[in-house]
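If you're matching them up, the sequences are chains E and B in order.
Note that full-length UniProt numbering numbers the first sequence so that position 59 is 59, with each residue one more than the last.
Note that full-length UniProt numbering numbers the second sequence so that position 12 is 12, with each residue one more than the last.
No lab work stands behind these hints: they were computed from the structure.
Predicted model, so just to flag it, every value in this text is computed and none were measured.
Where a beta carbon is used, it is the ideal one built from N, C-alpha and C, also for glycine.
One should not assume that every hint holds.
[What the hints assert, rightly or not] Taking beta-carbon pairs under 10 Å as the criterion, some of the chain B residues facing chain E (in silico):
(1) Ile-30
(2) Ala-36
(3) Pro-37
(4) Ala-40
(5) Gly-41
(6) Gln-42
(7) Arg-59
(8) Lys-89
Protein chains: 2
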Amino acid sequence: MVGVQAEAADIAAGKTLAVRCSACHGPAGIAVTPDAPNLAGQNEAYLSAQLTAFHTGARQNEMMSMMAKPLTDAQIADLAAYYHSLPAK
Amino acid sequence: MVGVQAEAADIAAGKTLAVRCSACHGPAGIAVTPDAPNLAGQNEAYLSAQLTAFHTGARQNEMMSMMAKPLTDAQIADLAAYYHSLPAK
Chain E
1 MVGVQAEAAD IAAGKTLAVR CSACHGPAGI AVTPDAPNLA GQNEAYLSAQ
51 LTAFHTGARQ NEMMSMMAKP LTDAQIADLA AYYHSLPAK
Chain B
1 MVGVQAEAAD IAAGKTLAVR CSACHGPAGI AVTPDAPNLA GQNEAYLSAQ
51 LTAFHTGARQ NEMMSMMAKP LTDAQIADLA AYYHSLPAK
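Could you put the whole structure together from the sequences, leaning on the hints where they help?
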């Protein structure tokens, strides 16, 4: 099922996945564009729910819908755990 | 027009408005529930765009749609400026 956290998230895998996100969300989760959110230190459940919403289309954003479309539940969990693990600015 | 920042936002007014948000987003913008986002230090343009999306219905969330419905553009700008001004954890 979408959004269910089957196994413990893999922060290292999330870090590798996050390279594709850094153009907007920055190399350390502090957004480089003012209309993108800072993700560093954000709540893991919230991040996971938003990525799942972009993946399913429940939440719409041109860029994020495209980025989240191919992600698996495990990849969403890894990304959420990775960004949650980063120090907020 | 919705989302247009007519005058400089009023952080003090935003702080007063934010009392209604603290049940989920915490007294200092650090969420008290895991499925709500931390708002402290978040990008002002992003916060304003999300509140506007909840206000117009472009973004859906039961609680946030209800909270954002009555907000004016000026109140949205004040809330965004207030939360942006808070230190991220």
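Status of the hints after comparison with the structure:
no.	hint	verdict
1	Ile-30	holds, 9 Å
2	Ala-36	holds, 6 Å
3	Pro-37	holds, 5 Å
4	Ala-40	holds, 8 Å
5	Gly-41	holds, 6 Å
6	Gln-42	holds, 6 Å
7	Arg-59	holds, 6 Å
8	Lys-89	holds, 5 Å
The structure meets every hint from the earlier list without exception.
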